[in-house]
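My request is simple: use the sequences and hints to build the entire structure.
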Amino acid sequence: GYYPVCDPDDPGYSCCSPDGYCGKSEKHCTGLGIDYEKNPDLLVDEPIRPSIDPPLWYLLDAPDGKRGRCGLGVSPITGNIFPICNPDDKTAHCCSNGGYCGTG
Numbered sequence: 004g005y006y007p008v009c010d011p012d013d014p015g016y017s018c019c020s021p022d023g024y025c026g027k028s029e030k031h032c033t034g035l036g037i038d039y040e041k042n043p044d045l046l047v048d049e050p051i052r053p054s055i056d057p058p059l060w061y062l063l064d065a066p067d068g069k070r071g072r073c074g075l076g077v078s079p080i081t082g083n084i085f086p087i088c089n090p091d092d093k094t095a096h097c098c099s100n101g102g103y104c105g106t107g
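First residue of the sequence shown? That's 4 in my numbering, and the numbers climb one at a time after it.
Wrong hints could be hidden among the right ones.
Stated by the list, open to error - Cut-off 20 angstroms, straight-line C-alpha distance, at most; resulting in silico cross-link-like pairs (EDC-like, lysine to aspartate or glutamate):
#: 1; residue 1: K93; residue 2: D22
#: 2; residue 1: K93; residue 2: E29
#: 3; residue 1: K69; residue 2: D44
#: 4; residue 1: K41; residue 2: D12
By construction, these hints were calculated from the structure, which means they are not laboratory data.
What follows is the structure, given as structure tokens:
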């Protein structure tokens with residue numbers, strides 16, 4: 004798939020927070036969070052192919068401190084191209100004034 008999911012069989016990390024982190028708190032499992040333990044069918048949903056290729060955001064293999072970050076305060080992806088948020092990610096398509104991808 005194009006986007007990571009949390010393990011529905013891991014009792015402490017079966018939900019995905021709106022920030023894209025696995026865990027089991029109310030923030031992870033309710034509201035904009037996704038509970039893969041209660042909804043394992045979501046694991047086989049067809050992923051959405053990114054509409055921008057190559058991506059202009061940091062991917063999961065990026066070093067700590069860059070994943071989920073955006074804007075001019077973050078190291079450029081390449082040259083003078085600064086990272087944006089993935090417009091196809093329903094929970095992290097907006098760049099906050101603090102330089103983090105999210106919503107609302």
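| Hint check against the structure, violated hint numbers in rising order | Violated hint: only 3; rest satisfied.
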